Every structure is written in structure tokens, then in C-alpha cells.
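These protein sequences, in sequence, are chains D and B. When we follow UniProt numbering, the leftmost residue of the first sequence carries the number 1, and every step to the right adds one. When we follow UniProt numbering, the leftmost residue of the second sequence carries the number 1, and every step to the right adds one.
Since the hints were made in silico from the structure, they are not lab data. Just so you know, these numbers come straight off a predicted model, no measurement behind them. We put the beta carbon where it would ideally sit given N, CA and C, even for glycine. Please note: incorrect hints may appear among the correct ones.
As the list claims (entries may be wrong) - No farther apart than 20 angstroms at their CA atoms in a straight line, the calculated lysine to any residue pairs in the SDA-like style are these:
hint	chain 1	residue 1	chain 2	residue 2
1	B	Lys393	B	Pro379
2	B	Lys573	D	Leu334
3	B	Lys498	D	Arg46
To be verified - Chain B residues, not near chain D, derived (Cβ > 10 angstroms throughout):
hint	residue
4	Ile71
5	Glu216
6	Gly272
7	Ile329
What follows is each chain in one-letter form.
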Amino acid sequence: MASRALYSPRHPMLKKRDDFEDILEERRRSSDLRYALRCYTPTLYRGLVPCKASMLKSIVLQSDHLQYVIKQVSSESGESTEGVSEEASLILDEMAHCLQLSTIRFFAFTLSKAFKRLFRSVCVNEEGIQRLQQAVQEHPVVLLPSHRSYMDFLMMSYLLYTYDLPLPVIAAGMDFMSMKFVGEMLRMSGAFFIRRSFGGDKLYWAVFSEYVKTMLRNGYAPIEFFLEGTRSRTCKSLTPKTGLLNIVMEPFFKGELFDVNLVPVSISYERILEESLYARELLGIPKPKESTSGLLKARRVLSEDYGSMYVYFGHPVSVRSLAEGKINRSQYNLLPRYIPQKPSADTHEFLSDAAFRLVRIQEENMVLKPWVLIATLLLQNPDGLDLSSLAEQTDWLRHLALAFGAFLDWPDHEACSEVVSCSLALHRHLLSVSAGHVQLSVTDVPQVETTPEEAVFHQAVVVLSCASYRNQILHVFLRPALLAMAMQSANSNRKDDVYNGFNFLRKVFSNEFILCPGDSVQDFEEACYLLMKRGVLQVLEHEIVMSASGHSTLAFLSSVLDPFLQGYQVVCRYLCEETNENLTEKEFIPAVRSFALKLILAGRLKCYEALSSDLQKNALAAFLRLKAVRKVKVGDQVTLKVNKVAVNSLEDILGGKIPTQKPILARL
Amino acid sequence: SGLSQQVIIMATRIKYICRHQDEAYKLGLSLSFRQEIMKWNGWGYSDSRFLFNKKGQAEFTGKRYRLSGLILPSLKDWFEGTFGANLQHKSPATVSQVAVAPPNLNEPFIEDLKAAGVAASHDPEDRVFRAHGHCLHEIFALREGRIGRVPDMVVWPSCHSDVEKIVELACKHNVCLIPYGGGTSVSSALECPHEETRSIVSLDTSQMNRILWIDEKNLTAHVEAGIIGQDLERQLNEHGYCTGHEPDSMEFSSLGGWVATRASGMKKNIYGNIEDLVVHIKMVTPRGVIEKSCLGPRMSTGPDIHHFILGSEGTLGVVTEVTMKIRPIPEYQKYGSVVFPNFQQGVACLREVARQRCAPASIRLMDNEQFQFGHALKPQVSSIFMSFLDGLKKFYITKFKGFDPHHLCVATLLFEGDRGKVLQHEKQVYDIAAKFGGLAAGEDNGQRGYMLTFVIAYLRDLGMDYYVIGESFETSVPWDRVLDLCRNVKERIVRECKERGVQFPPLSTCRFTQTYDAGACVYFYFAFNYRGLSDPVHVYEQVEHAAREEILANGGSLSHHHGVGKLRKEWMKESVSGVGLGMLKSVKEYVDPQNIFGNRNLL
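With the rest of the complex left out, here is chain D:
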């Protein structure tokens, strides 16, 4: 059980966080126009080689790396090098940003107006800004914000403009490009566009990576991208992608840069703009294609109150110190550096480790509002709660969360009941309150008659919306909750047995939550430590014993994860009972959804979260990983082959019918 120093169990109570400043305060007091036109003189990277966007393109096209790949592609495809060069140039045109200060000023003006209408406050940790200011001068910077809303990168650029920091260039998904006008606006505000998938396209990859690296190497501007790859529809952090991370780290690996500063940024919303949109999407109600007119419809959004927004700039993480002792840079000595090199196994492991670590930093710095606690409690009590009891339980939960290190923004000097009713007011569209009783429910009841299926979906939208708030605090409870579940399912107090159960759950849920691969021992120790400190457990040399007062905490913790457990069981049951031989990957989600719907309508399932496509996808990914399901390619179709015995036993273990230490586990 060797533990690595980098991930040593943290002591949550000792965590120090910066204070926030509301940037809208100033905006409400002074002219937006003057603000948009003010003198903007950002601090720059000291090694900056100034160059224009057009210059940048020609540097990229003439780079040794790209020239090499062009020749390679040309000799492989038989096309002339001129032809391939032309192609590369077109790719670059499609991709490249053309940052213009005037567009930024336009955004500064309009966004000021918009933000003031949407948000009560936009809070930023100014110490973080100061650290960033420092970091920007020292080494090229990569900004890594969390991604919960379209607002994220507009807000990032807005903030950097506000604080006189260099504007970032942002890796954005190609889907924005389809919004003609907006796409170009975003391009002029520093976005560059990448295709969603270009797996085998060598030339595309070369253009793209060289473009990013060139900007990084000459310190052109901070590079901004989303580790999670896309917006999280559930408000849970997504398993990070490592492709772009590798690109921004490679200049350091190859010695082209002394260091690169990675700055994780946590953006949290008291109320998410896309809240019900996401819930609908998860339920398979098709997402409207991103279009300019769609965005204009979003004007309705402007009339609502979205509470506060928080942006926390984390401590810059130096790639050099991350890689210390993990990456042997001399592995790059024997190949000219312009020849693309696939990352070695070591590098891969390092990248994944680093990515997880960065996402965990994002999670830790995410501000949680009292509503998050309330949502957690309401989800656990589908029949609702009395206001007084809700206030009491919220208070209890608040202390538990704080003890586990949650970054909770709880108003000072306010009675708990007061805080609760304020939160309820802000999220009233998800609730019904009558006679002092609160319940999650559909508020805007449609005029027309609804079918039972529609009723389920309406309720599911509310539940999933609410779950997206609970999900924000999951990272705080995750490890103790896994331990609580493992203790429940293990029939013994033996530490080994509990650990085995813990480890099993960790494996099953590692697509669902941010669990760094290879960290199971640390996670286990952290969970033990937290619960022990809370007086819930006693951890002896070979045994883990629940203390007399620990029952309620453990019960709460395991029910936090209960929806996921149930959801995974539903997927198992579906795979065992329903599947035909030729189930394709595409059919999987709708099929599971209708299976779950049937169970709910039959009254055999209470858990609406089982309808979430996110959960279903994660479950499938887990089962594929655990080799209970195989993908088989038949023609253009990918079909899923189910190992029913394995799936069955998985379901049994998840349902607590078989303790995890049974030999069946060995096969997984």
C-alpha cells in the first residue's frame, strides 16, 4: 500500500481559500461605455515575441514540424506537397482565431449589461488574479477553467480584460462555428476552433498542435481550454481529456520552454443558465442545434435571477514541478524535435495523473451555496420535508460538509432557517411549498392533458435539475460515501474486506466520478481519516468499527450515492433481461431509457436519475472497462456483446446480494 507523496491525504480543515470581490459592484456604479473603452495595457510574458494573428499563421505553416508532416502525408497519399500544404493552410484558416481588441471592447460593453441583469454578483478571488498576474510574466500560462455553461469562456475573457491581464486564446468546439455571426464574433474575441473528432487525421493534428504550441512557445497569449472537453451537463466534473494537455506540456518536455504554468479555474453558478436545458438533454429530449436564433431566444433567460457567480483562480501549477521525477526528459534527446512522437507509456500515465489532479483542484475550489445542501436533502426525501426539519438537517449537513473541507459560501450571521428560505426562493421553480412542507415538484404544470410517460419526464426534469446541484458537492462526500457503502455491503468489520469493497466500488464508478487511477489506497485512507475525525468510525489495525453515534452519518453518506447504485443496477438488469443479440451502441441509450421508464411506470423503480443518459453512458463505459460487455464491430455498426454471467454477478454485488470478496470479483 505504497502511497505517493503528491496525493497525500489532505487535511481539509487546514485548507485556506482567498476572499472574493464582487466585480459587478464597480460596474453598477460607473459607466459601462467608459469601461469598455478604457485603456487596456495588460502585463505580458517577459519572453514575449510580439506577433500578429496573420504572422502566427505563417510561422505555423513554415514550422519544421508541419513541413515534416506535410511531406510525410504527401508521400503516403501520393498528393503533391503543394496540395497538402494548401490543405494545411485551409485547416489553419478554419481553426485560427483573430483576436481583436475592438471585439473585446464590444463584449465588455454588452456583457456588462447582460451580467448585471443576470447575476446579483460576480465574485472573483483577487489574490488569484494577482498570482495570475505574476505567473503570466514568468512563464507561458495555460488557463484551465471548469466547464458548466456557455458563459464560462465569455466570463473568463471578460474578467481578464477587467483585470488588465492578457486575453486568452480559447480552444472551442467546432459546433459554435455553425452559428455564423456568433462564431465569427467569438473568433475575434480569441476563440479558435477544433473539430470534435479527428482521430486519424495526421495533418489536422499537426496543424492543430503546432498552432497551439507556437502560441505557447512565444508567449503570445494564455491558452485556455477545458480539461473536461465539453460542458458537464450534470455539474459533476467529467473525466479529463489528455490530448490538449499533452500538447501544452510537450514544449516543456522537449526543452523548448523552461516551464509552463497551469492555472485551474473553478467557475460555479448559484443557478445555472442551462439548468433545465441540460436536464432535458439528459432525458433525450433533443438539444436544439446551436444557432444564432437559438441564442437570441435565450433572451428570455435575461429576465430571470441567477443569483451569484463565483470564479476562483487557483494557484498556478508548474508543469516542471509536476513532472519532477516522473518524466525523463532525455527520452526526447534522440529524435529531432520536429518529428512528432507518440507519448510513451510513462508520459501517458503522467498526463492522466496530472489531468485528474487538476480537475480535483477545480473541484476543491468550486464554491458551494446552501442550496446545494438543501437539494441533496430534498432528493433523499422525495416525499418532501417540513421546513423546520429541513432547516435542522441542512444545518447538520453544513457542519458535516465543512468538516470534509467543502468550500461553502454560507452567509454570516444569518439564522439557518433564513438561509434556507432564501435559497428556496431562488430555486422556487423546482419546488412546491405549502403549509410549511417543501417538496421537489413540477411547478409550471402544462395546460394540456399529459400522458403518464410525459408526467414522468416532467418530474424527471425537476429531479435531474435538482441533482445537478447535489452533484456539485459529491466530490466532498464521495470517498467517505464509498466507504460507507463498502461497509454496508461487506459482512465483516475486517479492514481488508471493507477495502476490497471500497476498491470494487471505486472501479465501478470511476467513469462517474473523479477518482484518480491508482489512488485507491490514498482515497481509502482519506475516507477513513475523515470519518474517524468526525467520530463516525474507529479504525483499528485490522478492523473498522462504526461508533454508536455514527449511524446517521453513514446512512446519509450511502444514500448520497444510492441513485447511482440503483441506476447502474437498472442498466445491469436491462443488459441481462432485455437485450437482443445485435444491440448496437447507438440503440443502447434509448433502449435503457425506455426500460427504466417502464420500471418507473410499473412502480418498481423510484429512482428518476436512472433515466439520465449520462449515467447510462458511464455505466456502459464501466462495464466495457470491466469486460462485462464487449464492443464488436460489424460493418459500420458497433454492437455490444454482453457477458450475462458477469453482468448478473455485477448486479448482485451492487445490490449487496454477494459480498465483494467472493471469487467472482477476481474475474472482473
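Starting from the structure of chain D, add chain B where the hints point.
Quick look at chain B alone, frame taken from chain D:
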């Protein structure tokens, strides 16, 4: 021979004087001659040193160098400004001699040695003098009167057969031999391994210093390996020849040392490095003598056995005689210098010169910090006219040409050969330089640049008098990585110093000293003010260690010509692969199974 009546000299001071009446008089004088005129705890000649005089002006004492006896008016400001040092804060050497433990003598060995008539001594001064090279930690310790294990005795063979006798006796009596040439090692190669329990004998080759013959038909000279570089060059010059091998240490380093470390000379572009210069090597090993059977200029007879010897760092035996290529003294020499607007341009120019294979005898490029350092060593100008001229030059470069004095850098050049060809060559190089924005900056600047390489080592001693310690280290690196490596290593040094509590930013600078077809040799100079540090040498070593790690991570080599010694041993396996190291070890195993040559360098 005239020295056949050599006696074992137990050289106390009194005996030393007595020796003057001896037959061994000549021997005695020459034995200790160098030691007498050299510092025991610093670099070079005792009479030559930098100091700040009562007026606070720097001057260089003695008469040996062009800079000797001159005032250097800007050194003080540069010194105080660069290091945050202060002339009030002195840290002089604390002792005038060090105490050493009594020698661990192998009496039977001494008896046999006496019988064989080889000169020897176990005088503490003789032993201390040969117990170290010139690494910072070695000199720093000496100044504080500390020293680790020192050789138990010193022997002075006077010819090849003396060495054979000594090695044979060492094997017979299981004595550890450490060959000693000029003592200029900067790799801890001369340090006695403290785990060594046998008697350690320093084998000083200084008496084997004769040119045995010169063959004008083949342009070769057969030389005893103990000869010191400047003596070799001077004596060959008397015959109208030179070897052209001029390492920066040539005033003090020996031919045998060059062979044992794979030395490189400043003018290698014309004459080649030591491996290109040697035609034949004779080395005495515990297994016997290794040498080739003819003087053919090249052979295809399996792996070149010379390459087991070159760079063996005293672990296999003693190089006793070397046949070297010689050349007629060049008709004409001309210095030169070029100013570039920035380091990148300068490097690009050197790369182009290397690509066109038109490098002059020497071409070096200093970065901006080093340019400023060089500037600080400008002696007082004698006339108002000269100082006016200097001002004009500066104005032209910085104001008229728009060079930023904080970015510009300088290349120094040395051309050699026929007068006509030199001038033609010079034009070619200046034309290339012009393409990279280079401006010719005169012969004088060039010449001063080369002179500095000889006095720079003296400057470290001055620094050590005022809480400043430093050293240089080198590497070789492919062209495409050279700029990245320089930047990263310099930055790593600055950062490591900061992290280790060094109060003032260090001097962290580099220069290119050699160009090759496929890369360059880069020197780093690193020094800092150590006030407030409890263990400055340890900090220094940690930083140097980190810098070496950085060099290796950036595609640089472990060493271009300083060698590995004990200082860089830990990286040998990584550098030459496990199999490579195993091959070297098996050679050692065969040649010296008893580990008679037990300095524990390299492997």
C-alpha cells in the same frame, strides 16, 4: 643516466636545502620548482592575483600577463552590482597551511622503491599539493584549512622505465596509485577515495618532461607525457613548430592529463582535439605496457585501442610517452571580434559558419552577461583620446545601430595561417556575420577576450575573498537545442539559487567555445554571493547538480572535455547505457584486477 643516483627524499624543509649539495640537486630543484611558485590554495602563480587596492580599485598583480600591473577601474562596480557584494565584507582564507594526518606508509614498498632509485617524498606540503584539483569545494576547503584523505606519499618517476618499476612494485605490495600531471582537474578526479585503506601513492609525472625526438618528415614529435602545455609549445616553437593544442589550462596542464581526459584545445578547428593529435600512445598498466606497433596515420585493426586510453582518467594506468602531430608555426595570427544585437543572432551566425565549415582557428560567443563581465575587466585607458574613441564606439553601436546594451553579445575570433589566406578567411567570416546583424568590433576586443580565459580562474580567488563563490562547467549539444539548453540551464541556476536561500541573484551566464558540424561546446559560468548561507559549498554543489540534470534533460552531454572524474560519475550509466558501462568495467577488470589505479574515477 645522470639521474641514476636518485635517492628517496624525505623532504622536510631542512633536507630540502641539504639536497642542494646533492647529486640530486637538479632533480630537487625541478621537483619542487612549480610548487614553489604556485599558490597552494588557489589558482595559478603566487605572484599573480586580483586584489582591491586601498582606493577600492581592482588590480592584477605580477608581470606574467598582459593584464598584470594594470588597474581595472570598472571591476568594483560590476562586482558589487552583480553579486550584491561589498568590499567591507571580506572572507579571506583563514589558514596558511593545513594539518594532515600522518602518512599510511607501506614500508616494504618504500624499501623496494629505494632500491629501484625512484625519487619520493611524504612531506605534508607535497602530499597536500597533489591531493586536489581545482573544483570549488576543493579550494574552498583548503582556504578553511580542511582537507580529506591525502596521498600518503609522492613519487617522481623520471622516465618510462621508472613508471614500469613503480607500477610493478605497486602491484607487488598492493599500493594504490593515483597519477598526477598538472593538477588542473575540475572533476574531483584527484581526490583520494576516503574508503581507500591501502597506502595511496601520488605518481607525479612532472619529471618526465622531455621532448624525445622531432620527426620533420612525418611532422611528429615524441614527447614524455609529463610535459606541461606551455613548455611543450615553447620548446617546439624553438624548432619552428607547434602542436596547436591550447586548452585554457595549458599553462599548468600536462600532455598525459590531456590524453587521460580527452582534452580539447581552443584552436581545435585547425589542429583538432587531443584524439586527433595523437599518433601513438604508450601507457603502463598493471598488465604491462599497451601501445601500437607502428606510427601509421590510421588503422583498421578493430576498435582503436587509443580510445580505451583517451578519457580513462587514470583508472587503467599511466601514460608515459606520446607521439603527437606537429605543425610549422603559422605565419600570421589575427584576432577579431563581432558584436551581435542579441544572442540568438550570434548563435545563428556561428551555426552558419559551422555549416559552411569556415570556422577560424577559434570562434567563441559570449552572452550579454559575459560581455558585460568582459567589459568590467577593461583596463584603465591611457589617454583621453582612447577613452573618447571608446565612447564613440559605444555610441555607434548602441545609439546609431540601435543595439540594446542589455541584449547585445560578442563573438571573438582568432585566425591563423598564411597572411593572404587569413585575410580572405576573415572577410568570409565577417560577411557571414553581417548577414546576422553582426558588426566588426575590432582586434583589441578579440584579443582581450582570449586573454580573459587565462585570468578568469584567478578571479574566482578574488571572489572568494569577498563571499562570492563560483565555477564553470561545460557540455556539448546539438545545434537545434543549443539556445533552449542555454536558456533553461541559466534559468534553472537562478531558480535553484533562489530556492536554496541565496540572497542575491546569481551570475548565470554562458558562452560557446567551440563549434562542430553537428553542435557546439557550451560553457556555463555560475557564481553567487553566499553571505547568510551556513553551508555555501553544499548549496553550490546542489545547484551545479541541478544544472547538470537540466543539461542532460535538454540533450546536452555529460562533459565535452572536463571529464567525469568522481563529480559526474552518477550519470555515467545514463550517459553511455548499462552495456556501455559494462564494457568499460570489463576493460578495467582485465587491465587492473587489483584496482592499483584506484582513484575511482569514471566507473
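Now the hints, each set against the structure:
For the suggested pair Lys393(B) and Pro379(B), the alpha carbons sit about 16 angstroms apart, so the restraint of at most 20 angstroms is met. For the given pair, Lys573(B) sits about 16 angstroms from Leu334(D) by alpha-carbon distance, which is consistent with the 20 angstroms threshold. This hinted pair checks out: Lys498(B) and Arg46(D) have alpha carbons roughly 19 angstroms apart, not beyond 20 angstroms. Residue-level check passed: Ile71(B) sits 37 angstroms from the nearest beta carbon of chain D, beyond 10 angstroms.
Every beta carbon of chain D lies more than 10 angstroms from that of Glu216(B), the smallest distance being close to 46 angstroms; the non-interface claim holds. At roughly 26 angstroms, the least C-beta separation between Gly272(B) and chain D is larger than 10 angstroms, which holds for a residue marked as non-interface. The Cβ of Ile329(B) lies farther than 10 angstroms from every Cβ of chain D, with a closest approach of about 41 angstroms, so its non-interface assignment holds.
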